[in-house]
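Going down the list, the protein sequences come from chains A and B.
Mapping of the first sequence onto the working numbering: residues 1 to 443, in sequence order.
Mapping of the second sequence onto the working numbering: residues 1 to 307, in sequence order.
Accuracy of the hints is not assured; some may be wrong.
Calculated lysine to aspartate or glutamate pairs in the DMTMM-like style (CA-CA distance at most 25 Å, straight line) [stated by the list, open to error]:
| id | chain 1 | residue 1 | chain 2 | residue 2 |
| --- | --- | --- | --- | --- |
| 1 | A | LYS32 | A | ASP55 |
| 2 | A | LYS348 | B | ASP134 |
| 3 | B | LYS56 | A | GLU238 |
Just so you know, the hints here were simulated from the structure itself, not pulled from any lab data.
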Amino acid sequence: MTSEISLLRLATAGSVDDGKSTLVGRLLHDCKAVFADQLDAVERVSRERGLSGADLALLTDGLRAEREQGITIDVAYRYFATPRRRFILADTPGHVQYTRNMVTGASTAQLAVVLVDARNGVVEQTRRHAAVAALLRVPHVVLAVNKMDLVGYAESVFAPIADEFTAYAARLGAPEVTAIPISALAGDNVVEPSAEMDWYGGPTLLEHLEGVDVEQDPGAHPARFPVQYVLRPQTPGEFRDYRGYAGQLVSGVLHPGEEVVVLPSGQRSTIAGIDRLGEQDVEVAFAPQSVTLRLADDLDVSRGDVIAPVAHAPRVTQDVSATVCHLAARPLRPGDRVLLRHGTRTVKAMVRSLDSRLDIDTLAAEPAPPALSVNEIGRVTLRTAAPLPLDDYTADRRTGSFLLIDESDGATLTAGMVGAPLGTDPGHAAPGQSATGPVAAGV
Amino acid sequence: MSVLTGAPSRLRQSHLDALESEAVHIFRETAAEFERPVLLFSGGKDSILMLHLALKAFWPAPVPFGLLHVDTGHNFDEVIAYRDRTVARHGLRLTVAGVQDYIDDGRLTERPDGTRNPLQTVPLLDAITTNRFDAVFGGGRRDEEKARAKERVFSLRDEFGGWDPRRQRPELWQLYNGRHRVGEHVRVFPLSNWTELDVWQYIEREGIELPEIYFAHEREVFSRDGMWLTAGGWGGPKDGESVERRMVRYRTVGDMSCTGAVDSDAVTIAQVIREVATSTLTERGATRADDKLSEAAMEDRKREGYF
Chain A
1 MTSEISLLRL
11 ATAGSVDDGK
21 STLVGRLLHD
31 CKAVFADQLD
41 AVERVSRERG
51 LSGADLALLT
61 DGLRAEREQG
71 ITIDVAYRYF
81 ATPRRRFILA
91 DTPGHVQYTR
101 NMVTGASTAQ
111 LAVVLVDARN
121 GVVEQTRRHA
131 AVAALLRVPH
141 VVLAVNKMDL
151 VGYAESVFAP
161 IADEFTAYAA
171 RLGAPEVTAI
181 PISALAGDNV
191 VEPSAEMDWY
201 GGPTLLEHLE
211 GVDVEQDPGA
221 HPARFPVQYV
231 LRPQTPGEFR
241 DYRGYAGQLV
251 SGVLHPGEEV
261 VVLPSGQRST
271 IAGIDRLGEQ
281 DVEVAFAPQS
291 VTLRLADDLD
301 VSRGDVIAPV
311 AHAPRVTQDV
321 SATVCHLAAR
331 PLRPGDRVLL
341 RHGTRTVKAM
351 VRSLDSRLDI
361 DTLAAEPAPP
371 ALSVNEIGRV
381 TLRTAAPLPL
391 DDYTADRRTG
401 SFLLIDESDG
411 ATLTAGMVGA
421 PLGTDPGHAA
431 PGQSATGPVA
441 AGV
Chain B
1 MSVLTGAPSR
11 LRQSHLDALE
21 SEAVHIFRET
31 AAEFERPVLL
41 FSGGKDSILM
51 LHLALKAFWP
61 APVPFGLLHV
71 DTGHNFDEVI
81 AYRDRTVARH
91 GLRLTVAGVQ
101 DYIDDGRLTE
111 RPDGTRNPLQ
121 TVPLLDAITT
131 NRFDAVFGGG
141 RRDEEKARAK
151 ERVFSLRDEF
161 GGWDPRRQRP
171 ELWQLYNGRH
181 RVGEHVRVFP
191 LSNWTELDVW
201 QYIEREGIEL
211 PEIYFAHERE
221 VFSRDGMWLT
231 AGGWGGPKDG
241 ESVERRMVRY
251 RTVGDMSCTG
261 AVDSDAVTIA
271 QVIREVATST
281 LTERGATRAD
291 DKLSEAAMED
301 RKREGYF
């Protein structure tokens, strides 16, 4: 039954040297997501390059434009499926200058796969990937310790790497870490269990991806409904007086009869009815459904407003303290005037101050930097021209995130997360946060 | 995560529901942020699916944009009939940009191989400029081809319709940035995350009607470059190519000169889904001569402003 299949969005991080392309190629190939004509092309190119077998990494090879211009497009999306789950994989290049790529890929991911080379263990780049996953609040992190075939499939190599990474990720506040020893090249523990690592009792990577519980209970979060579009047919007949607010419920659950507040105006009303894509008067709407709300009162509601339960409304403010990752070549400086895109609303904003710049490798904070350059992460204070209904990013990834945009050419400059999703002191774990899940064999 | 905190199953979306909600969100964002969107409609299954999603996104209001068909002049009769029925049924505005007109008055020259797919770019860009369309919905999916795998949902195009990888914007969360300068436009791909199988499963679930040629039928075809092409006035078969009657269906619907049929006995959607699920060839690899031109064929056409 197709209705039982769920969707998992994941991001991979790691450099070419870690065997990431081979891993992604292996997942696609072993899940039969690679077709004969694609494989033919891979085999042909492999032969032309003098390789003995098909290089699965070629399945994720770059575009000619990238080679010619010496650039890498931030994210490539791959699709594969098992009978239980459909996967959308955001494949991000992992080199030092591409923090922004992983930030982009991780922003929508429910799970991040961080790859390390078993011969090298946890290196600077691994710590950076862990930090980005934690910063973006990716709910599940998998450490794939690759190239186990080159270290004799030894548990004594795997276990310390798993322990070190898990401890580091826990300090960053990553909610869950699972470490899996694999060989992407030989296929060990990627899709098929390894015959070489009897000491490992956990799932293969694909088994973990299939089984991991990513279905958050929508009822655990207060409802947030950014109004996208006002539907007023104004046609003769049944729907002449219809007025509905179309949007995606980005978190929570809403029912007809519920008391709501429209922000930032603060007007209150009651949900008169919920329609779902042509289906009239549904009993409930839950995130992330696209629905249409009708309100009992004739209010002035328009695109950009947020509808929320009266009892659990977000705060409304013009002063935004946030952690940002700068994405554009031109630096971000104090005093910059930009556009801020939050939910369905775009407002003018000014950079009041750059409060700190974070060294993503050491997590040391440098106070009051003169600018944030591309790929840099820092704390900023912004002032917006109009009030915004905001949540902390740690509470809600959708209503706690925003973009800064260049008003002159429309370029996306900066990705922002309200509050401080990542503590700046790695020495102290936040209370109540610890790593869980099968970390190593014997657990 | 324990079972106790898991959502009750009625508050979970299936993968088709999730893809539907995402596509609807993209349609509504575009309608709200742009002055003059238009939906590319060829009568192919992906464009039919887009229209279906748009109808649902704006219900009970009418779809707030029209359709644009770039007609190669070598379309299947069944598909044109389907297009016209659909436009009439939903009261839609249809703009047709005809490749034939361009050939007739000399602005375009017929290619030696008779293939007209590459000729669509100029009429498409002219139609966008003339009508001042600022957002153009396309049915492209990232699973189709590797140049598509790196495409954004909102893909910025310059005033020549060109796609410059350097100017593409990172897309984070579901915050789509559609700002553009005068003369530029944005291609919007609501089906970015759908696969061919998702499309068919959704078509089945929603009971969407498709042109007959997607299902197995007897047809006079001849073999060229390993594909079954329909004999017709566009220039096939040539000498030495023999016509035969076979049970075939189309996996993609495009210009007759370069869209191949596949041997099939799938006459229902369920049978088509079974066929797609077990196919060993990509849909473009099996049926599109234009993608076989070179390894970077799609990438090259995209940079020039193709769909």
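Cross-check of the supplied hints:
1. A:LYS32 / A:ASP55: Distance of about 16 Å is within 25 Å: holds.
2. A:LYS348 / B:ASP134: 23 Å, holds
3. B:LYS56 / A:GLU238: Distance of about 17 Å is within 25 Å: holds.
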